[in-house]
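Produce the entire structure from the sequences given, and follow the hints as far as they go.
Here is how the chains run, residue by residue.
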Amino acid sequence: MQLHEHQAKEILRGYGLPVSNGKVITKIEEVDQVLAELNAFPLVVKAQVHAGGRGKAGGVKLVRNADELRQTVATLLGTILKTYQCPDGKPVNSLLIEEGTDIKAEYYFSITLDRSTSRPMIVASKAGGMDIETVARESAEAIMMVPLDPCLGLTLGKARNLAFDLDLPVQEFVNIVTALYRAYIELDASLLEINPLVLNKAGNLILLDAKLEIDDNSLFRHKDLQALEDLTQIDPLEVAAGEYNLNYVRLDGNIACMVNGAGLAMTTMDTIKLAGGNPANFLDVGGGASAEQIANAMRILMSDTNVKAVFVNIFGGILRCGRLAQGLIDAARMVEIRTPVVVRLEGTNVEEGRALLNESGLDFIVTAADMWDGANKAVELAKKNGEM
Amino acid sequence: MSILVNKDTKIVVQGITGKEGRFHANQCNLYGGNVVGGVSPGKGGATVEGIPVFNTVAAAVETAHATCSLIFVPPPFAADAIVEAVDSGIEFIVCITEGIPIRDMMMVAHYMKNNYPKTILLGPNCPGIITPNEAKVGILPGHIFSRGRIGVISRSGTLTYEAAYQLTGLGIGQSTAVGIGGDPISGLSHKDVVEMFENDPETDAILMIGEIGGTSEEEAAEFIVSHVKKPVFAYIAGTTAPPGRRMGHAGAIVTGGKGTAESKIKSLNKAGVHTIDNAAFIGKTIKETLKY
Chain A
1 MQLHEHQAKE ILRGYGLPVS NGKVITKIEE VDQVLAELNA FPLVVKAQVH
51 AGGRGKAGGV KLVRNADELR QTVATLLGTI LKTYQCPDGK PVNSLLIEEG
101 TDIKAEYYFS ITLDRSTSRP MIVASKAGGM DIETVARESA EAIMMVPLDP
151 CLGLTLGKAR NLAFDLDLPV QEFVNIVTAL YRAYIELDAS LLEINPLVLN
201 KAGNLILLDA KLEIDDNSLF RHKDLQALED LTQIDPLEVA AGEYNLNYVR
251 LDGNIACMVN GAGLAMTTMD TIKLAGGNPA NFLDVGGGAS AEQIANAMRI
301 LMSDTNVKAV FVNIFGGILR CGRLAQGLID AARMVEIRTP VVVRLEGTNV
351 EEGRALLNES GLDFIVTAAD MWDGANKAVE LAKKNGEM
Chain B
1001 MSILVNKDTK IVVQGITGKE GRFHANQCNL YGGNVVGGVS PGKGGATVEG
1051 IPVFNTVAAA VETAHATCSL IFVPPPFAAD AIVEAVDSGI EFIVCITEGI
1101 PIRDMMMVAH YMKNNYPKTI LLGPNCPGII TPNEAKVGIL PGHIFSRGRI
1151 GVISRSGTLT YEAAYQLTGL GIGQSTAVGI GGDPISGLSH KDVVEMFEND
1201 PETDAILMIG EIGGTSEEEA AEFIVSHVKK PVFAYIAGTT APPGRRMGHA
1251 GAIVTGGKGT AESKIKSLNK AGVHTIDNAA FIGKTIKETL KY
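If you read the protein sequences in the order shown, they are chains A and B.
Take the first sequence: its position 102, counting from 1, is numbered 102 in this note's numbering, and each next residue is one higher.
To convert a position in the second sequence, counted from 1, into this note's numbering, add 1000.
These are computed hints drawn from the structure, not numbers from a lab.
Among the hints, erroneous ones may be present.
Said to hold, decoys possible - In silico DSBU-like pairs for lysine-lysine, Cα to Cα no more than 35 Å straight-line:
hint, chain 1, residue 1, chain 2, residue 2
1, B, Lys1229, A, Lys273
2, A, Lys273, B, Lys1258
3, B, Lys1258, A, Lys82
4, A, Lys223, B, Lys1019
5, B, Lys1113, A, Lys211
6, B, Lys1284, A, Lys383
7, B, Lys1258, A, Lys56
8, B, Lys1266, A, Lys82
9, A, Lys211, B, Lys1291
10, A, Lys383, B, Lys1287
11, B, Lys1258, B, Lys1287
12, A, Lys273, B, Lys1019
13, B, Lys1118, A, Lys158
14, A, Lys273, B, Lys1118
15, B, Lys1118, B, Lys1229
16, B, Lys1113, A, Lys273
17, A, Lys383, B, Lys1266
18, A, Lys56, A, Lys82
19, A, Lys104, A, Lys273
20, A, Lys158, A, Lys27
21, B, Lys1266, A, Lys56
22, A, Lys273, B, Lys1266
23, B, Lys1258, A, Lys61
24, A, Lys104, B, Lys1230
25, A, Lys158, B, Lys1229
26, A, Lys27, A, Lys211
27, A, Lys126, B, Lys1284
28, B, Lys1287, A, Lys273
29, B, Lys1284, B, Lys1229
30, B, Lys1007, B, Lys1019
31, A, Lys201, A, Lys23
32, A, Lys211, A, Lys104
33, B, Lys1230, A, Lys273
34, B, Lys1266, A, Lys126
Said to hold, decoys possible - According to the in silico footprint, chain A covers these stretches of chain B (three or more CB under 8 Å from chain A):
hint, segment
35, 1133 to 1143
36, 1147 to 1156
37, 1176 to 1186
38, 1239 to 1247
Every residue gets a Cβ at the ideal spot worked out from N, C-alpha and C, and that includes glycine.
Written as C-alpha cells, this is what we have:
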C-alpha cells in the first residue's frame, strides 16, 4: 500500500525526523490559512499523487508570493497529473505546501528488501534528487549498498561508515538513519525512500521528499495505516475488485481474462499476446471462488468499456469446474454480458462443467479445446466484435 | 528415490482443525496414507478425519515420528508455526499459508539459516509438493499427476497443474513436482530444486516454471551452466506484465528494471536451457525434444 508524501512525513515527524513545515490543502479556499500559518516565501507546492516522476511532469512548483501561490493551486488542484512513470495520470486531489529549503547538496537514501539475501538493504548515493535507476545505470559506482542483518538491525558502525562515505555530519546522520530504520521495521515498510535527503546551507539535514510503501500482508496489524489509503489514486475497477477479494489489475487491451491462480493468469495474458491480441486485465479469481464471486468478477470485466471479448481459462484443481460453470451461468442472470465469452475448462470435474455450459443455452459462450485454441478464438472474436 | 518426499515421509498438519487444514489433511492422507498427525494447540487428544491431533509439533514428532510438516495456519501466526516446526526437529516444512508479512519471513529465514541450516522450508504461499503414487504434501490435485522421470519446479499452483496435465496427457510422468511459491522471501529456490533433481537418479529431465519478479530464475540459470548435465526446459510467465504492477503473487512485480521476463529468458537461453515461449506447448515441446 502506498502513502502520500504528506502522510509519510507526518509519520516520520513522529519518529523525530526533520521534515519541512508544511500544510495539506484540498480546496483553494484553504490558501489563506496556509498564508497565515507558514512563515515566509518561497513556498513549494507539491501535488500529492501516487506517481513517480512528478517533478518533471510539473507537479512540484516554487512560488514567491501569495498571487503565485493562488494561481499555482488553482492550476494544479483537480487536474490529472501524467508522468513518465504513470502515463495515464493520477488525480491531484490534495497539495502539500511547504516552506522552501536552501539546498546545498542532495542525497539519495532508501531502505528496502533485498530479495536475493532476504535482508533489509540500505541504498544511498551522493547523486540525490534524480531518478536512482538512471544513476544506477549510468554510474553504478555512485551507489552505496549496505545489507543489514534483520536480527541485529542497523548497527552504529554501519551507520557511521555510511556518514563518512557520504561526507555528512556524522552524529546527525546516524540519528536520522537509526530513526529511519526503526520506522522501516516498525511500520512493516516494503520501501522507505528519501529522495532527496538534503543538506541545507545552515549545515542541517532535511527529508525533502518521502516515499513510504507498506507491505500489504502486514496491514492486519496496522489498521491505522490502512485507514490512510487514498482510493482515488487507484483505478476504480481495481478498488471494486478489491472489495470482492478479487486480484485484478487493469491493462489497456480489449480481451478480458478470468483465470484461477496468479501464474496461470499471467500466462493467459501472455498467450493472448502470442495469438495476436492484447489483454485487458490480469484477474485471478482464486482457488475457491464461489458462483457469486465469479459473477462479481464478470461484472468488473464488463464495466471495462474497452473489452470486446472475454477469455475464461480455468484449471480446476481445488476450484471444481462444475462450480465455475454454475458461476458463469448465474453471472449471466445478474450481469449483462455484451461480448462473446470463450471458455476453456480443464481439471477436476471438467465433464460436469462442460455439460452445465452446453445445457445452459447461453449463446454468448464459445468453448475451447485448450489454452491456445481459447486464446486464438478470443482474439478472433474480439476483432470481429470491434469491427461491428 | 524422487526428491524430498516419498512413501516413508511422515506428515504432521499444523492447523488441522481449520477448514482448509482438515480438507487437505484428509486429501493428502487419501493420496499417500502417510499423514501421521495434526497439531492444534489445546485440541490434543481429538481426531480429525481419523488423524490424531496433538497440542504441539514436538508431541507429534515424539509420538507419531513426524518428519515433515504441512502448515495451514493463518498469516498472523504462520511464521511462529514454521519456527515451532523447526524447533521440534522437523526436517522438511511445507508452508501453504498466503499473506505472511515480509518482516516475519525475514526473521524466520535468518533464524533457520543461523540455527538450523539443514532444515528445509518450501514456501510459503505455495501449492506444496507431490511425488506421484507415493506422497502428496500440499493442495495439488493428485489425479492429474502421473509417475515418471520429469522433475517439475514452479512458483505457481495452477500453472504447475497445467504443465503436469499436459505431460500426463502425453504419457510423460513426473518424478516429483515442487511448487516453491510466489512470495518475495521463501525457502527452496529454483536453484535448490534444480540441484536436487540433477542429483536424483529417478529424474531424467527438468521442467522449470518461473515468473516475473526477483532473480530466482537467473540464479538457477547460473547454476545450470556449470553444474547441470540433464536437459532443462523452462517457461517464464509475465512477458506482458507492465512494470510496477504486482501480478497477484506478492513477489511477481518488476521494479527498478529487475525481474523482467526478458532478462530471465535471456539468462536461461545462455545457460543452454530449452525455453518455451507458449505455455500451451510445454508438454509437446518436452515430448518432441526428448523423443519420448
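Agreement of A:Lys104 and B:Lys1230 with the hint, judged by alpha carbon distance not exceeding 35 Å = 59 Å, violated
With a cut-off of 35 Å on the C-alpha distance, tell me whether B:Lys1284 and B:Lys1229 pass.
-> Answer holds: B:Lys1284 to B:Lys1229 is near 22 Å, not above 35 Å.
Holds or violated: A:Lys158 to A:Lys27, with C-alpha atoms at most 35 Å apart | Judged against 35 Å, a Cα distance of about 45 Å means the pair is violated.
Is A:Lys211 within 35 Å of A:Lys104, Cα to Cα?
-> Since the Cα atoms of A:Lys211 and A:Lys104 sit roughly 22 Å apart, the hinted pair holds (cutoff 35 Å).
A:Lys158 and B:Lys1229: Cα distance at most 35 Å?
-> Violated: A:Lys158 and B:Lys1229 sit about 43 Å apart, past 35 Å.
Measure nothing beyond the straight line between the CA atoms of A:Lys223 and B:Lys1019; if it is 35 Å or shorter, mark the hint as holding.
-> At roughly 26 Å apart (the allowed maximum being 35 Å), B:Lys1019 and A:Lys223 satisfy the hint.
Satisfaction of hint between B:Lys1229 and B:Lys1118, Cα-Cα up to 35 Å | Satisfied, since the Cα-Cα distance of roughly 25 Å is no more than 35 Å.
Sort out whether A:Lys23 lies within 35 Å of A:Lys201, counting only the CA atoms.
-> 23 Å, holds
Do the alpha carbons of A:Lys273 and B:Lys1266 lie within 35 Å of each other, as the hint requires?
-> 19 Å, holds
Could you grab the alpha-carbon distance between A:Lys273 and B:Lys1258 and see if it respects the 35 Å cut-off?
-> 22 Å, holds
Pair hint B:Lys1258 and A:Lys56, alpha-carbon separation not exceeding 35 Å = With a Cα-Cα distance of about 23 Å, the restraint between B:Lys1258 and A:Lys56 holds, given a limit of 35 Å.
Given the hint that B:Lys1118 pairs with A:Lys158, test it: the Cα-Cα distance must not exceed 35 Å.
-> 30 Å, holds
Of the numbered hints given earlier, the model fails hints 9, 12, 14, 16, 19, 20, 24, 25 and 27; all others are met.
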